[in-house]
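Protein chains in written order, with the working numbering: chain A, 1 to 280; chain B, 281 to 613; chain C, 614 to 909.
The hints are simulated quantities; they were obtained by calculation from the structure and are not laboratory data. Hints should not be assumed to be uniformly reliable.
Derived, one-sided and incomplete: chain A residues facing chain B with beta-carbon distance under 10 Å [unchecked claim]:
no.: 1; residue: H59
no.: 2; residue: A64
no.: 3; residue: T128
no.: 4; residue: R141
no.: 5; residue: R187
no.: 6; residue: I191
no.: 7; residue: L237
Which bits of chain C does chain B cover? Going by a derived footprint, with three or more residues having C-beta under 8 Å, they are [said to hold, decoys possible]:
no.: 8; segment: 651-664
no.: 9; segment: 763-777
no.: 10; segment: 863-877
no.: 11; segment: 890-899
Small disclaimer: the values here were computed from a predicted structure and weren't measured. From the three backbone atoms N, C-alpha and C, an ideal C-beta is built for every residue, glycine too.
Spelled out from the first residue to the last, the chains are:
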Amino acid sequence: MIRESKMRTAALKPVIPGFGLTMGFSVLYLSLLLIIPVAGLILFTLQMSWEDFWRAVSHPQVVASYKLSFLASFIGASINAVFGTLVAWVLVRYSFPGKRIIDGLVDLPFALPTAVAGIALVTLYAGTGWVGQYFEPFGIRIAYSQIGVVIALTYIGLPFVVRTVQPVLADFEKELEEASAALGANRLTTIRRVIFPAILPALLTGYALAFARAVGEYGSVIFISGNLPYKTEITPLLIVAKAEQYDYHGAAAIGVVMLGAAFILLLLINGLQWWASRRG
Amino acid sequence: MKFTKILTSTVFLLGSFAAIGNTILNVSYDPTREFYREYNQLFAQHWRAQGHTAPTVRQSHGGSGSQARSVIDGLDADVVTLALAYDVDALRVRANLIPQDWQSRLPLNSSPYTSTIVLLVRKGNPKNIQDWDDLVRDDVQVITPNPKTSGGARWNYLAAWGYALKKYGSEEKAYQFVEKIFRNVPVLDPAARGATNTFVQRRIGDVFIAWENEAFLSVEQLGQGQFEIVVPSVSILAEPPVTVVDRNVDRKGTRAVAEAYLEYLYSDEAQHLAAKHFYRPGRPEIAKQYLDKFPKVNLFGIDDVFGGWDKAQNDHFNDGGYFDRILEAISRR
Amino acid sequence: MTTTNTLPLTSAEAMQYTPKATAEPGWVKWTLVSIALTFLTLFLILPLVVVLYGAFEAGMQVWWQAVTEPDALSAIRLTLFVLLIVVPLNAIFGVAIAWAIAKFEFRGKTILISIIDMPFAISPVVVGLIFVILLGSQGWFGPWLAEHDVRIIFAVPGIVIVILFGTLPFVARELIPLMQQQGKEEEEASLTLGASGWKTFWHVTLPNIKWGLIYGVVLCNARAMGEFGAVAIVSGRIRGETNTMPLHIEVLYNEYMFTAAFAVSSLLTGLALVTIVVKSWIEWKDERKQKSPSAH
Numbered sequence: 001m002i003r004e005s006k007m008r009t010a011a012l013k014p015v016i017p018g019f020g021l022t023m024g025f026s027v028l029y030l031s032l033l034l035i036i037p038v039a040g041l042i043l044f045t046l047q048m049s050w051e052d053f054w055r056a057v058s059h060p061q062v063v064a065s066y067k068l069s070f071l072a073s074f075i076g077a078s079i080n081a082v083f084g085t086l087v088a089w090v091l092v093r094y095s096f097p098g099k100r101i102i103d104g105l106v107d108l109p110f111a112l113p114t115a116v117a118g119i120a121l122v123t124l125y126a127g128t129g130w131v132g133q134y135f136e137p138f139g140i141r142i143a144y145s146q147i148g149v150v151i152a153l154t155y156i157g158l159p160f161v162v163r164t165v166q167p168v169l170a171d172f173e174k175e176l177e178e179a180s181a182a183l184g185a186n187r188l189t190t191i192r193r194v195i196f197p198a199i200l201p202a203l204l205t206g207y208a209l210a211f212a213r214a215v216g217e218y219g220s221v222i223f224i225s226g227n228l229p230y231k232t233e234i235t236p237l238l239i240v241a242k243a244e245q246y247d248y249h250g251a252a253a254i255g256v257v258m259l260g261a262a263f264i265l266l267l268l269i270n271g272l273q274w275w276a277s278r279r280g
Numbered sequence: 281m282k283f284t285k286i287l288t289s290t291v292f293l294l295g296s297f298a299a300i301g302n303t304i305l306n307v308s309y310d311p312t313r314e315f316y317r318e319y320n321q322l323f324a325q326h327w328r329a330q331g332h333t334a335p336t337v338r339q340s341h342g343g344s345g346s347q348a349r350s351v352i353d354g355l356d357a358d359v360v361t362l363a364l365a366y367d368v369d370a371l372r373v374r375a376n377l378i379p380q381d382w383q384s385r386l387p388l389n390s391s392p393y394t395s396t397i398v399l400l401v402r403k404g405n406p407k408n409i410q411d412w413d414d415l416v417r418d419d420v421q422v423i424t425p426n427p428k429t430s431g432g433a434r435w436n437y438l439a440a441w442g443y444a445l446k447k448y449g450s451e452e453k454a455y456q457f458v459e460k461i462f463r464n465v466p467v468l469d470p471a472a473r474g475a476t477n478t479f480v481q482r483r484i485g486d487v488f489i490a491w492e493n494e495a496f497l498s499v500e501q502l503g504q505g506q507f508e509i510v511v512p513s514v515s516i517l518a519e520p521p522v523t524v525v526d527r528n529v530d531r532k533g534t535r536a537v538a539e540a541y542l543e544y545l546y547s548d549e550a551q552h553l554a555a556k557h558f559y560r561p562g563r564p565e566i567a568k569q570y571l572d573k574f575p576k577v578n579l580f581g582i583d584d585v586f587g588g589w590d591k592a593q594n595d596h597f598n599d600g601g602y603f604d605r606i607l608e609a610i611s612r613r
Numbered sequence: 614m615t616t617t618n619t620l621p622l623t624s625a626e627a628m629q630y631t632p633k634a635t636a637e638p639g640w641v642k643w644t645l646v647s648i649a650l651t652f653l654t655l656f657l658i659l660p661l662v663v664v665l666y667g668a669f670e671a672g673m674q675v676w677w678q679a680v681t682e683p684d685a686l687s688a689i690r691l692t693l694f695v696l697l698i699v700v701p702l703n704a705i706f707g708v709a710i711a712w713a714i715a716k717f718e719f720r721g722k723t724i725l726i727s728i729i730d731m732p733f734a735i736s737p738v739v740v741g742l743i744f745v746i747l748l749g750s751q752g753w754f755g756p757w758l759a760e761h762d763v764r765i766i767f768a769v770p771g772i773v774i775v776i777l778f779g780t781l782p783f784v785a786r787e788l789i790p791l792m793q794q795q796g797k798e799e800e801e802a803s804l805t806l807g808a809s810g811w812k813t814f815w816h817v818t819l820p821n822i823k824w825g826l827i828y829g830v831v832l833c834n835a836r837a838m839g840e841f842g843a844v845a846i847v848s849g850r851i852r853g854e855t856n857t858m859p860l861h862i863e864v865l866y867n868e869y870m871f872t873a874a875f876a877v878s879s880l881l882t883g884l885a886l887v888t889i890v891v892k893s894w895i896e897w898k899d900e901r902k903q904k905s906p907s908a909h
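Please build the complete structure, drawing on both the sequences and the hints.
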């Protein structure tokens, strides 16, 4: 956006056509598919009294599920931030056998249905699974515990950090690194003071997207989580449970809380992008 | 709207179903899949033999509560065959789809087959589990789905409660008993089939509280020789009811075939088929032939002990009921 | 997610000319590579192996039976049908909104972009709930729809709508940064030379955004195939009719037909891998195009 406004020659009469058509279509499409339905959900919860709304969203069981959903998403997104950056770095900077295949596979969590991912993960990480059996003797239970929730949420958020950091690293100008080295900085200092600040905005964007996606995830988690109320029950599962008991208002109320959280996150993301583009 | 009409008609062409007046949708719960797959063929033969064109029966399976919810929200069911009367009654309470007297329209409380709740343990019964009392032991892990989302789990819960009530004599004691059981639950799956997978595939837990038919299925097909059924001294008579969804069949003009579909469930052939799929035949004279297949259990009914489904649901499973108290109590420890 | 389409991967030759000061020692490189590969093995490769192993464990014949069984075929047909509607619609929307945002100045762009992003952050469960509340027979528009005999929820249109919702951002988010970066000089030049708007779009803009568009379509396609949570709520799970492939997999899993469940999963994974191969090929082409001197 900013870049474009720089390029814009002042007060030139716009010659490009199609604003009315594209904008009109876009707004119509967005309204029908997104804005009206979301507004409908909010209106629906407005039918509740404030007390009912508050009771629904602040019940200890619901609060416990927020804690799990947000904490597990936070940990999952953090794991992705660390390892995703590492993966992006390795993919951009080094060459090793099988790199192209690995690079292609990074998108797999987008494509694999979440239920399949959940079943595959529980097959691996249950006490009887290929990986889980090596942890079981040490008393570490991965599946059916909070660790299982973190694993699932890490899996589904994996592509976000890699795919936001990767292009920035690839575009990064080597001259800056060389200059830093020429000025006597050692490699670690260069990475810390020159490269890291450059990828930070992208990293934060990827982090926030991975986090936002994880908070709402349902399909994969229910297979690998123990789903125990107060312990391993995620918020989306509670929404389903409420709906199943015909308590649509309660379900919608919790949905609206999650929606609010999601929107704050998005504002954060776009604030970060704005900040990043201003610095770039 | 033209768009959706084109859509639906295209799908109609793509889809494999034909002749709408003769097509009915049976919305059922999870463990009946195998039974109805075979029953639908049986019924098709029967209906053709009566001189009608062959009917198409479409099936939908899922958790009992979520299936009822879908029908209330507009899923076009001609008949529902759910896990418990409460879920069927919700069609009347919430959407007025069926009349007040729906449960007396067919014999045997509209439950052509029944089942009960039994305990499934691992081969050789390593934890020596004999009755409900063993489920509260500290060294036993219990698998059951979540009563909030699974109809079968509500039967589990009420069976345990009824046992404790009978044995220890008071509501308070029964509450403590059931709380102790849920303390031993490491995984609470949203649906019955998920819980079976947890116990059978993932080998979590020492005992699985299950539908009798699911337990038989696990013993005879899933785990060949890895499991044993323990029949508790007392259990609950589970009556999964069926009904025609009046509003839908009248709109679609499928009442005749839908009613015949349910009535035929009471025929000799269907009753034997139910027994084959480990459901207890509802008709006493057929049930008599399967005395050696289905162990004798001291069964109590939900109306006698809990005063019917409405009251049971209200006391135990609704928000703020006993089950919520149990969950809260466990979380505090 | 944002600008992956312009991804010039550094090749081995380029590395050789790098001064020592801007590279890590060999042992650091290999340690980092091993850590990254271990992480990816645990989280990406092993789950994939589980799916493929489960699918082919019982042999090709069993696999073939599982994926050609009538209910599986109808699930495949339905999924492909949904893709045929969802992907073009979201692609057209993506191009339109990217055009509006990149070529024109107006207020509230950030809010507009935030709105486009929303489906990334809304739980699929909530998406399903929204449309049940709005269009279900107890919902606001439900009675009106029933009166006019229009079936949306628990029929194919409902499935299409929730998947449209969930995959709405993919093409748009791919094209917006790309078209912003490219600016509008080329279009302006073309228009000044007397070409019509449509002609300019077809001959100037489209070739420029071709790869970004395809990349967005590939991701949108992948996500649309795999959508589960929202579809589970609005589908009604009618066998052979409203079960998409992910739902059919869940059905099979719940029927204890694990091999069949994994077989259909492997088919979806296969489709996903195809899209990944297509994507890699796109990137490779893109890379070559960028390396060639003809690029602007």
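Now for the hints, and whether the structure bears them out:
1. Because the beta carbon of H59/A sits about 8 Å from the nearest beta carbon in chain B, less than 10 Å, this interface hint is met.
2. Checking A64/A against chain B by beta carbon gives a least distance of about 7 Å; that is within 10 Å, so the hint holds.
3. At about 5 Å, the closest approach between the beta carbon of T128/A and any beta carbon in chain B falls short of 10 Å, and the interface hint on this residue holds.
4. Contact between R141/A and chain B, as hinted, is supported at the beta carbon level, the nearest pair being about 9 Å apart and thus within 10 Å.
5. Checking R187/A against chain B: minimum C-beta separation of about 47 Å lies over 10 Å; hint violated.
6. A hinted interface residue such as I191/A counts as satisfied when its beta carbon comes closer than 10 Å to some beta carbon of chain B; here the least separation is about 43 Å, so the hint is violated.
7. Interface hint at L237/A: satisfied, since its Cβ lies 7 Å from the closest Cβ of chain B, which is below the 10 Å cut-off.
8. Against chain B, the segment 651-664 of chain C contributes 0 residues with a C-beta closer than 8 Å to a partner C-beta. That does not satisfy the three-residue criterion, and the hint is violated.
9. Three residues within the 8 Å Cβ limit are the bar, and the segment 763-777 of chain C against chain B gives 9, so the coverage statement holds.
10. Counting residues of the segment 863-877 of chain C whose beta carbon lies closer than 8 Å to any beta carbon of chain B gives 6, which meets the minimum of three for the stated coverage.
11. Check result for the segment 890-899 of chain C against chain B: violated, 0 residues qualifying (beta carbon to beta carbon below 8 Å, three or more required).
Going through the hint list in order, the structure does not satisfy hints 5, 6, 8, 11.
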